[in-house]
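**Q** Take the given structure of chain E and dock chain H to it, following the hints.
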Amino acid sequence: MREPTNFNTKRMKFDQMRRTGVNYLVSGLAILSTIVVIAPLLAILGYLIYKGTSSLNLAFFTQIPKPVGEDGGGMANSIVGSGVVLALASLMGVPIGIAAGVYLAEFGRGKALATAVRFTADVLNGVPSIVMGIAIYSLIVMQQKHFSAFAGGVALAIMMVPTITRTTEEMLATVPHAIREAALGLGVPKWRTAISVSLRTASPGIITGCMLAFARVAGETAPLLFTAFGNQYWSVNLNQPIAALPLQIYIYATGPYDEWHRLAWAGALVLIVLIMVSVTLVRVFANRGQLKGGS
Amino acid sequence: MTPNSELNSPEPTPVPRVLSVPVPAASKIESALSPEMPPSAIRLFLANRGSGRIADRAFAGLMLVCACSIFAIVIFIATILLLRSKLSLAQFGFKFFTSQSWDPVSGDFGALPFIFGTLATSFLALLMAVPLALGVAVFLTELCPKFLRAPISFLTELLAAIPSVVYGLWAVFVLVPLMRDSLGPFLVKTLGWTGFFEGANFGVGLLTASIILAIMILPIISSLTRDIMNAVPNSQREAVLALGATRWEMIRVGVLRNSRIGIVGAVMLGLGRALGETMAVTMVIGNHADISKSLFAPGYTLASVIANEFSEATGDMYLSALIEIGLALFLVTIVVNTIARLLVWAVTRGAPARVA
Numbered sequence: 001m002r003e004p005t006n007f008n009t010k011r012m013k014f015d016q017m018r019r020t021g022v023n024y025l026v027s028g029l030a031i032l033s034t035i036v037v038i039a040p041l042l043a044i045l046g047y048l049i050y051k052g053t054s055s056l057n058l059a060f061f062t063q064i065p066k067p068v069g070e071d072g073g074g075m076a077n078s079i080v081g082s083g084v085v086l087a088l089a090s091l092m093g094v095p096i097g098i099a100a101g102v103y104l105a106e107f108g109r110g111k112a113l114a115t116a117v118r119f120t121a122d123v124l125n126g127v128p129s130i131v132m133g134i135a136i137y138s139l140i141v142m143q144q145k146h147f148s149a150f151a152g153g154v155a156l157a158i159m160m161v162p163t164i165t166r167t168t169e170e171m172l173a174t175v176p177h178a179i180r181e182a183a184l185g186l187g188v189p190k191w192r193t194a195i196s197v198s199l200r201t202a203s204p205g206i207i208t209g210c211m212l213a214f215a216r217v218a219g220e221t222a223p224l225l226f227t228a229f230g231n232q233y234w235s236v237n238l239n240q241p242i243a244a245l246p247l248q249i250y251i252y253a254t255g256p257y258d259e260w261h262r263l264a265w266a267g268a269l270v271l272i273v274l275i276m277v278s279v280t281l282v283r284v285f286a287n288r289g290q291l292k293g294g295s
Numbered sequence: 001m002t003p004n005s006e007l008n009s010p011e012p013t014p015v016p017r018v019l020s021v022p023v024p025a026a027s028k029i030e031s032a033l034s035p036e037m038p039p040s041a042i043r044l045f046l047a048n049r050g051s052g053r054i055a056d057r058a059f060a061g062l063m064l065v066c067a068c069s070i071f072a073i074v075i076f077i078a079t080i081l082l083l084r085s086k087l088s089l090a091q092f093g094f095k096f097f098t099s100q101s102w103d104p105v106s107g108d109f110g111a112l113p114f115i116f117g118t119l120a121t122s123f124l125a126l127l128m129a130v131p132l133a134l135g136v137a138v139f140l141t142e143l144c145p146k147f148l149r150a151p152i153s154f155l156t157e158l159l160a161a162i163p164s165v166v167y168g169l170w171a172v173f174v175l176v177p178l179m180r181d182s183l184g185p186f187l188v189k190t191l192g193w194t195g196f197f198e199g200a201n202f203g204v205g206l207l208t209a210s211i212i213l214a215i216m217i218l219p220i221i222s223s224l225t226r227d228i229m230n231a232v233p234n235s236q237r238e239a240v241l242a243l244g245a246t247r248w249e250m251i252r253v254g255v256l257r258n259s260r261i262g263i264v265g266a267v268m269l270g271l272g273r274a275l276g277e278t279m280a281v282t283m284v285i286g287n288h289a290d291i292s293k294s295l296f297a298p299g300y301t302l303a304s305v306i307a308n309e310f311s312e313a314t315g316d317m318y319l320s321a322l323i324e325i326g327l328a329l330f331l332v333t334i335v336v337n338t339i340a341r342l343l344v345w346a347v348t349r350g351a352p353a354r355v356a
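Chains as they are written, first to last, in the numbering used here: chain E, 1 to 295; chain H, 1 to 356.
Bound-form chain E, shown alone (with noise of 0.2 angstroms):
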């Protein structure tokens, strides 16, 4: 064959320069947008750092909030109204969020009803929190004629019960099934196997995606918004609006007293340090897992 001898070779020194310089600048975009996300994540923390430092105190942690124009006061009511709430959607939602998943892992593998649960469960948990909350809303608190923390507890329930199902199945699903056979083998019931052996072995995942589930309710504002309403005194009954951070954060930061701005900035400190810790600690176990939960 004869040789090509008309060959451009300016031209392809030109393209092959282009192209080069076309790679560089995609890199440095691509470096730039990097520096573009971190930075506002780095501003948002310092600044919460900077502001809300200066006004911790032990008063922060103790008093109720006083009334405006007066000095002090603190979130206490607050906090300890999120830990009930939170503790009572954990004690509704985890259960259910559990048991499903091990529907999907155990009994349910390769059926078509597994499939739609999985995928109703991934829709689910892309519904915008506040229509949880006016649905709740129209369910509990307009049939018992006042808000309560127990409302606000199930807004809060329905938003985990899909994260912790598919943390449950994905942590389930990594159990061996050797193990489970070894157990089926020596004549241990399903139901058994189940709980004994394969909930067993990845109860650390399955704690960590309960974890994760918890983390992100506990910053949750706008279910609560109509369920618990807030309450600016100690409750903890309840059948009674109760107080929690997150919605104390919302009142206090659009309000226009500088002493409410205060304490808004320390409470919000405090509850990104308690998520921060959460989330800190599922990275840790996920990287000996196999968890891929983002958030």
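There is no bait here: all hints are sound.
Selected chain E positions facing chain H (in silico; Cβ < 10 angstroms):
#, residue
1, Gly133
2, Ala135
3, Val188
4, Ala194
5, Arg283
Sample of chain H residues lacking proximity to chain E, with all beta carbon distances greater than 12 angstroms (derived):
#, residue
6, Trp102
7, Trp193
8, Glu198
Between beta-carbon pairs, the in silico distance windows are:
#, chain 1, residue 1, chain 2, residue 2, range
9, H, Arg43, E, Leu184, 16 to 22 angstroms
10, E, Ile35, H, Asn230, 19 to 25 angstroms
11, H, Ser101, E, Thr53, 45 to 51 angstroms
12, E, Leu42, H, Val105, 45 to 51 angstroms
13, E, Thr53, H, Ala200, 33 to 39 angstroms
14, E, Tyr50, H, Ala150, 26 to 32 angstroms
15, E, Lys66, H, Ala150, 41 to 47 angstroms
16, E, Met12, H, Ile291, 50 to 56 angstroms
17, E, Asn239, H, Phe202, 39 to 45 angstroms
18, H, Gly244, E, Tyr47, 44 to 50 angstroms
19, H, Pro151, E, Leu32, 14 to 20 angstroms
20, H, Arg43, E, Ile179, 24 to 30 angstroms
Rather than coming from a laboratory, the hints here were simulated on the basis of the structure. The structure presented is a predicted model; accordingly, all values stated were derived computationally and were not measured. Beta carbons are placed, not taken as given, at the ideal position from N, Cα and C, and that holds for glycine.
**A** Just chain H now, kept in the frame of chain E:
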């Protein structure tokens, strides 16, 4: 061994005895045990236990009920929202979504300003977030040195963990003054000719809400895109590199082209999150039900109007109109999320998706 011809004969060949262990017949076990020694505790336990069929079925049924609770939750939310908004649906019908007036005093409710506000902020947020998220995803999967990968991906996921109120708090005290004092005048100076930056700039408005929304949906889009890009097999990348491509060309042709569908799905998931975001948007959007061309103008979104006016809604029609807005929000996000998850599943083959 017997010769071949004997294998076809009808008579069976004798089994070669290696060990001469007598194999007792099954019926001999009980007679071997009963008179001489009592059965052991384990044997008694196993014999008395039964097959456990009922317990198995009951347990499986209980797990099934809990799994179906997910369906029950969705159906329950849809039903109750439909029931409580019947009043408003009967009164306004489809005009609800095309009428501009939101007048609680006279009882005339129209959701068009909120739909505009929601769509405008969401699409603006997508416009800002998608290029950045793609850039981060490309950086983390292809360009990042291995030791930096874990910390940076941890940081981007930390962005997703920050609660909405904290974003709103930061936006009110940092972003709004920034917009009012520096960013706003800068935009007017450079892009004022486009006509999108007219009017008074108080810091709160559509643009500020879009910026904070963009920051909030970034981690979702970027982490999903990273998953999708990691799902592309390495053979694709190697093939493109073998043909002499630069690194960017390898990413463009080998990875991004294969993950187009999944990236669209990830973007739609970010859109779904942006449509329903309440707290941060409520704090910085200005809460004024109006449609305007200027990005500095205050607006109102579907979720914000519910958050602001729900607990003070007097009258059944007001409440019913707000619940109808909630129903519309629910249906729209369900549709967007379903399409998005289908697209993402198609690319990642139903592997466990990120719960975001």
